[in-house]
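Enquirer: Counting from -5, one number per residue, gives the positions in the sequence shown under our numbering.
Just so you know, the hints here were simulated from the structure itself, not pulled from any lab data. Treat the hints loosely; a few may be bogus.
The calculated label-pair distances, taken between Cβ atoms and stated as ranges, are [as the list claims (entries may be wrong)]: (1) P69 to R26: 34 to 40 angstroms; (2) E126 to L70: 14 to 20 angstroms; (3) T76 to A138: 35 to 41 angstroms; (4) R39 to K161: 37 to 43 angstroms; (5) G153 to D71: 15 to 21 angstroms; (6) T146 to A54: 27 to 33 angstroms; (7) D71 to A138: 29 to 35 angstroms; (8) L68 to R162: 31 to 37 angstroms; (9) D121 to G153: 17 to 23 angstroms; (10) A169 to V110: 17 to 23 angstroms; (11) D165 to E79: 33 to 39 angstroms; (12) R103 to Q11: 16 to 22 angstroms.
Backbone N, C-alpha and C fix where the C-beta goes; we use that ideal spot for every residue, glycine too.
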Amino acid sequence: MARIGWLETFWLARCSQPAGERAVHRAVCRRRPRQILELGLGTLRRTERMLRLARRSGGAAVHYVGLDRFEGRLPLDPPGATLKEAHRRLHALARVQLVPGNVDTALARLCNHLGVFDLVLVAAEVDPRHLERSWFFIQRLVNADTTVLVETADGRRSGTVWKSIDKRRVDELAAQAIHLRAA
-5 MARIGWLETF
5 WLARCSQPAG
15 ERAVHRAVCR
25 RRPRQILELG
35 LGTLRRTERM
45 LRLARRSGGA
55 AVHYVGLDRF
65 EGRLPLDPPG
75 ATLKEAHRRL
85 HALARVQLVP
95 GNVDTALARL
105 CNHLGVFDLV
115 LVAAEVDPRH
125 LERSWFFIQR
135 LVNADTTVLV
145 ETADGRRSGT
155 VWKSIDKRRV
165 DELAAQAIHL
175 RAA
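I would like the entire structure built from these sequences, with the hints used as guidance.
Expert: Okay, here's the thing in structure tokens:
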């Protein structure tokens, strides 16, 4: 696969569609992450673009961990790739580890083995109930230098926006998750 050039980098960060994903592309350009965690992969379009941007600098290989329901999607869930399709499409872009299932149970199984990530993405398609329980585990996978982006519905338009949250907010969400468990 050809390396991504400066023109395509500019286009992805400033002109690509959907416009809400430009924040993800800019974060990748600015941060140049080597360890990426994505909760909710969807159709893989965003993931493929992001991984192509992340590897553009050469250097060390990108380690990507993606958690998604894959074949376990519910009828009301947005469309997405199968596990086999995701492996086939992402294998050449990074060292890929794909984990099927709900994000809370998948993170509970894996978080002690993953280490700290440079970039964490939480897609809007992730079930909010499972995400609430996941923050306790996400807290263990991030540090003050980690960029955490959470996709939310854009109230002004029909699309979504990616908003950055800092380590302090991740800690607050993790504390709420602990209180949910105790209740």
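Enquirer: For each hint given before, does the structure comply? Return the numbers of the non-compliant ones in rising order.
Expert: Structure breaks hints 4 and 12.
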